[in-house]
Each structure stands twice: as structure tokens, then as C-alpha cells.
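All chains, full assembly: derive it from the sequences and hints.
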Amino acid sequence: MGAGSWRLYVAVAAGGFRRYATYRVATAAGVFTNTVFGLILVYTYLALWDEKPQLGGYDQAQATTYVWLGQALLAALAIGGGGMENELMERIRTGDIAVDLYRPADLQLRWLAEDVGRALFQLLGRGLLPFVFGSLFFPVALPREVSVWAAFLLAVALAMLVGFALRYLVALSAFWLLDGTGVSQMAWIAGLFCSGMLLPLNVFPGAFGEVVRVLPWSSLLQGPADVLLGEADPLGVFAFQAAWAVALLAVGRLVQSVATRRVVVQGG
Amino acid sequence: MAELETETETETAAEAGAGAGAGAFIELDGVEKVFDVRKKTGFLKRERRQVRAVDGLSFTVSRGEMVGYIGPNGAGKSTTIKMLTGILTPSGGRLRVAGIDPSRERTRLAHRIGVVFGQRTTLWWDLPLIDSYRLMHRMYRIPDARYRENLDRCVELLQLGELLDVPVRQLSLGQRMRGDIAAALLHDPDVLYLDEPTIGLDVVSKAKVRGFLRDLNAERGTTVLLTTHDLQDIEQLCSRVMVIDHGRLMYDGPLDGLHEAGESERTLVVDLERELPPIDAPEPARVVRVEGPRQWLAFPASASAAGLVARVAERYPLVDLSVREPDIEAVIAKMYAERAGA
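Protein chains in written order, with this note's numbering: chain X, 45 to 312; chain Y, 21 to 362.
Just so you know, the hints here were simulated from the structure itself, not pulled from any lab data.
Here the structure is a predicted model, which means the values were calculated and not measured.
The beta-carbon is built from N, C-alpha and C at its ideal position, and this holds for glycine as well.
Each statement offered as a hint is correct.
Residues from chain X shown here face chain Y by an in silico Cβ test under 7 Å; the list is partial:
| hint | residue |
| --- | --- |
| 1 | Arg-51 |
| 2 | Leu-52 |
| 3 | Ala-55 |
| 4 | Gly-59 |
| 5 | Thr-66 |
| 6 | Ala-142 |
| 7 | Val-143 |
| 8 | Leu-145 |
| 9 | Tyr-146 |
| 10 | Pro-148 |
| 11 | Ala-149 |
Right under this line is the structure:
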């Protein structure tokens, strides 16, 4: 890493952003889907919270806010798939990864930059509208303090790192498996459930709840949501997310070096 | 920033000087690449087998040479190219490109080489062509002035002007290929590895690509190693050709010599008015196949077809004819069979 390499990664991120921005119809369809899913979930949650008020420590307004937040972050964090991992897996499978390996750029940083660009576009292009829609038509609990919003955005940024680190590992499995579809689907289901996309992780009781809440996926949605809803100490959330991000990125780096050494020595 | 760029440039110049002094730009000495292949032989049993993809390969390429590197599928061509770029480590032997050991200093070497894979694109699929070039600008830290100059030259010579703002996925194969070649040249590489650069292109596109490569080599002195199945690529571009098969160098010399070494033959295909017994052809031509009124005559590639055609036309009721150029694969297959037999 020398001076000037940040310009490369900025260029990569800008490219990632623009790549997704070119597909306007797909984006519009995504906004529609997220809004419909949000509606289904909101009415389910409202029924649930009618029966059990204060479930998981949230009141009804907090529960609806949680739903729309989930829809806003779903695509950006690629919780249900759709991030860089599909493309990377395809490049590994076809051997195009060889082209990336002789480039004078770090593989992990390059894909991270591209994924951050993608995530930013998905957040603005796909996430914002469903969130605004939800806030207008449903009772929501949004903070007034700018500092809370700032903390929330930082939590989202850290969530992007954790999300990338997880999906990068999933993608690297393609170096060993001929077909990574099974792993992606498992990661997809784990992501949807363990991030709290279906139900907030706070509502799960006992040991199961304890386990789910310390898994890395809880950094994705539960963490940022609790910061926005004022349900958790932001510093604690940041520390939790940062620890997982550092650990998973380090593992990704290790696996990457093992994988590339294998390719370099054994051939693709 | 400006200071940094000048520093990089002087460093490159110093290295270039050192490379030129050494004479050989690409140097292989007894290079081997052995792969372990595991084969399932039973329910849980696996047999380990070693495959020698490259087996004691030695050659040198001087700065500014344009060399054709050919051989049948699986001969070890792309394994060699991968070792030359540093993405594969040789199992044995010595390998240097511009004085650099590729697998040890892959990143340093990357600034000196350009690679074009005909079957793979290195361009950003969804974005306009120009975005991929901007990325190369940053990736290879090309000084701004040099980037603009190189881009302008490539745009002019490869006729990319109207394509710069077109998303890569909308380009035709020939346009994409020209786009990929430009992307590989923006950082002024000393050596360019081309893997099947004309595969799938139409005649006009092939001519454009070849013309550009010829000029590049003549004007910039870029060393070019060209892997291809298209004999015409070699004929029009390379004064020297290396043939590899089963990981070994079978031939290294001018193209004409290859035809002699392989005793390659052209084929005259004649359609007669009706089914006739095999044509009584003048030596050394001979009938190799008869199918109804159509007959195939083989004759040495070095001989003229005109005399043979005249003789046949004079004595037989000729309807139509065509001449088929020797197939490089066939030449090599024949060479290999002869070596194995000897």
C-alpha cells in the first residue's frame, strides 16, 4: 500500500455505485418489492404486538420502525444475497480470477471498495423510498437528535464491513467447491434469520436468543436498529461490530492467501 | 504527487536500461510445472497422479521481438503464460521477465506487462468503456499526461472514439477485443502477452487487430508473445514461431522452417462432373480421399497449386475447385508423431 492507492479504491467504489445505477428498471422493481414486503411484515408485526405489547422491549411504533429500517437496509447490506459474492464466485469458477490476480491491486480491498459503492447506491436508490413511505403512512419512532442519526449512520457503515466480510468468505469457498450455490443459499437463509430481518433478535428467548445475538449477523440489522431506536449503547454496538469486522476480514485475508497460493501452486 | 511520479518514472527508466543490457528479455531455463491430479478410483480411494504440464522448457525472447507461441490444446501454452505473469509458480527451473522473478514479485512485474485473454474480458461489463480505462489509470498509477497520450493513441489507432461511452456489454466481440487491447497498453508495458487475440473475430476485425499489433511492435518496440490457433496471425505478425507440445518445445525458428520441419501439405479439393476413379495426379501430389465426384489431392505446402490445377483441368472434367491451407494443428500433430516414432 503506497501513496495514491486510495485513489484506485475510490475509483473502484465509484464504479461499483455506477454499475448498479445503470439498471433503473431493476432499481424501481426493487423499491416496489421492498415496499410490498414491508407492508406484509408491518401488518404481521402489528398483529403480533397487539397480542404481546412490549415484545422484545419494543413498543408498536418501534416495531414498525424496525420493519421499515430492515427494508431500507436489506439490499444495501445484501442480507438476502445480491452483493459482490455472486460475481466473485463466477470469476473463480470460470477462471477469470486469474486476470484479477496479476493486477497490482489487493483482491480483498478491491472487492470491498466495489461492494461499498454498490451498498451506497442500494441504500440511496433502493432503501430510502420504502423507508420514507413507511414513515409517512405508519406510526414510527424516529429520533430528533442529529447525534443519534450520526451514530446510526456509523453503525450502518460498520454493518457494511461485517456484511462484506461474511459474503467474501462465502465467495472464496468457490475455490474449493465446484458449485457454490449451496453455500450461498445457506448463507442467505442464515443472513435473513440471524440478522433479525424476519423478527427482531430481541424477541428470541433463552439460550437461543443469547447465541443469535452474539453471532456476526446481528451486526447487520439488529445493531444499527437498536442505535436508531435508542435501545442500546452506541459505543457497545460499535465495538461489537468492529470486533466482528476485524476478525472476519482477517479470516478472509487468511483464506484468500491460502486460496491464491493453492491456485498459484496447483493451477486454476 | 508530482514529485512521486517523477521518481517512479526514473526508477522505470533505470530498470528498462538494465533489462536492455541483459539482452534476453524473457528467459526460461529448464522450467517445469507439475500438477498433482487426484483421481477417484474407488468409493473412497483416490489415486494421486502427477501431470507435467510444462516439462523442461527453455527459450529466450529478446526485447522487441514478436514471437508466435503455438501448440494444440493442453500443450502447456497457457500454463507458460500464467508462469510468465507470476500467477503460477514453476515447480522447477529458472524464469525471468525483465530481470524479475514473476512469481516472487508479481506486483512489481504487473507494471511492466500487459495481458490480453481473447476469451476473457478485463473490462467492466456494465459500464462505458472509458470507466475501465479510468480504473487502469488509477490501478497502474499512470501519470496523467502519459495516460492521456496513450489513451488518445489507442483510441485513434484502434478506432475506439465512438465506443468510449458505450457500456461494454453492448460492444460487439471485435469492438470489445480492441477495447481489451487498449486496456492492456495504457500503462506502457514492455511486454504484451496475447492469448488468442483474434478468436471469433470477423475478417475485418482481425485485420484491424493485426495491423495495430504490427505498428505497436514497430513503433514502440513492445515485445509480444502471441498464442493463437490462427496460422494467419502468425504469418502476418511473427518472424519467429515456437511450437510446444506435451510441455516441450518442438520447434523454435522461422515459420517457413516449420512447414518444412512438419512436411506440411496443402489440399486441393476438386469437384468433377461425375464420379471417376482417383485422379492420376503428377508427383508429388496424390489423391487422399474420394467421395462421389469430389476428390481431395494433397501436395507439399511449398509447391505451387497453379501447375497442379492446370494439369487436372486439362485432363479431367472440372466443375469447381478450392485450395485448403495446411492446418497448424495437423502440422504439429505430424511433427509430434515423427518425433515419437524416431
